[in-house]
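Undergrad: Heads up: the sequence lines are chains A and B, in that order.
Just so it is clear: in the first sequence, position 43 is 43 by the working numbering, and no numbers are missing.
Position in the second sequence (from 1) plus 126 gives the number in the working numbering.
No lab work stands behind these hints: they were computed from the structure.
Mixed in with the good hints, there may be bad ones.
[Said to hold, decoys possible] Calculated pairs, PhoX-like style, for lysine-lysine (alpha carbon to alpha carbon, straight line, at most 25 Å):
no., chain 1, residue 1, chain 2, residue 2
1, B, K206, A, K56
2, A, K112, B, K206
3, B, K294, B, K154
4, B, K147, A, K56
5, B, K128, B, K206
6, A, K112, B, K208
7, B, K208, B, K297
8, B, K187, B, K147
9, B, K187, A, K112
10, A, K112, B, K154
11, A, K56, B, K294
12, B, K294, B, K147
13, B, K297, B, K154
[Stated by the list, open to error] Computed spacing ranges between beta-carbons, pair by pair:
no., chain 1, residue 1, chain 2, residue 2, range
14, B, V133, A, L65, 12 to 20 Å
15, B, T191, A, N48, 37 to 45 Å
16, B, S272, A, A19, 35 to 43 Å
17, B, T243, A, N48, 47 to 55 Å
18, A, L65, B, G134, 17 to 25 Å
19, B, Y291, A, L15, 37 to 45 Å
20, B, L170, A, L15, 34 to 42 Å
21, A, I49, B, V352, 38 to 46 Å
We treat Cβ as the ideally placed atom computed from N, Cα and C, and that holds for glycine.
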Amino acid sequence: MRVLTTFLQTALIFLFYFAGQFIQNWFNLPIPGSIIGLLLLFLLLTLNIIPENWVKDGANLLLSLMMFFFVPATVGIMNYFHIFQGKGILLVMAIILSTCLVFIGSGYICEKGTKQTVKEKENYMA
Amino acid sequence: MKILTAVGMIILTIVSFIIAKKMYTTFKRPLFNPTLMSTILVILFLLLFNIPYETYMTGGKWIQTLLGPSIVALAYPLYKHKALLSENIWPVFLSIFTAVVVNFLTVCFFLWMLGYTEEMILTSLPKSVTTAVAIQISDQIGGIPSLTAVLVMIAGFTGAVIGPYLVKLCKFDHDLARGMAYGNASHAIGTTKALEHSPESGSAGSAGMILTAIFSSIMIPVLIWVFFL
Chain A
1 MRVLTTFLQT ALIFLFYFAG QFIQNWFNLP IPGSIIGLLL LFLLLTLNII
51 PENWVKDGAN LLLSLMMFFF VPATVGIMNY FHIFQGKGIL LVMAIILSTC
101 LVFIGSGYIC EKGTKQTVKE KENYMA
Chain B
127 MKILTAVGMI ILTIVSFIIA KKMYTTFKRP LFNPTLMSTI LVILFLLLFN
177 IPYETYMTGG KWIQTLLGPS IVALAYPLYK HKALLSENIW PVFLSIFTAV
227 VVNFLTVCFF LWMLGYTEEM ILTSLPKSVT TAVAIQISDQ IGGIPSLTAV
277 LVMIAGFTGA VIGPYLVKLC KFDHDLARGM AYGNASHAIG TTKALEHSPE
327 SGSAGSAGMI LTAIFSSIMI PVLIWVFFL
């Protein structure tokens, strides 16, 4: 029974994906179908049109396998090994360093802002 | 024969992922990220038997079709923890804004310092955006989309592998800050790591990924117009 409901829930999430793809093609949007599908599902969950337990198990199944679904795309790196050679290694280092700085910068701003909000709340309570 | 090859490639991917997952649970180090390790295992196998990527993808594409729906599934943690985001609208907004600007400036500066061409800079700019959107941005601003996709992977693995150390180093102890850092810098690959921390930071990660994608597709062309004209 559990297997069947999980399967049906996964199928429902697929429907949202296809709907997102369709909307993207129809309106020729620059945002990919998967993101549109995500926003659509989020919207319907928030408006309580779709109850949480209609997608819960299916979503958790897909999320637990997401790391696996990435593999074929990342294997594509093998066609670009030449960019890692010679001067290319500097490009890779630059990308890694830049990503670390984005990580630190956005995390820092968020941490600061969030802490303030918590403090404000505490002051408010006091 | 063709079907047999496809099935073989799917089995290869599954087996390598199971091994990678085992390695991860044994060593518990971010470097043993299951996606990264199984990617390496698959590539080693393909190189060993002289199989081109295109042949691998006859099977790999079936696994890849599931990636889109699993991104849609991120709507669930996003919904589940939406209070965390709505209570912190400003930190979230500022964090995304910072991410897009820091990404733009550091990529331009580093690549310019290294003497790369304008085309390479344009190719690298969307690297912190989720693949599908990054390819579109790259195409739009005059980069090389397929190379952008590779740089997106590197940015993703940077977050998944180095991210945990940066979280400790910078003492990001709020779920929101952790998730935002992962999602904004390293899109969906980073978000899978954030999900490991806690469902809350996973939710923040998916929000960061989505908003970074949307903001980048608007802000990168504008920033280019400002800086390159």
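Undergrad: If you test the structure against every hint from before, which numbers come out violated?
TA: 5, 9, 10, 11, 15 and 16
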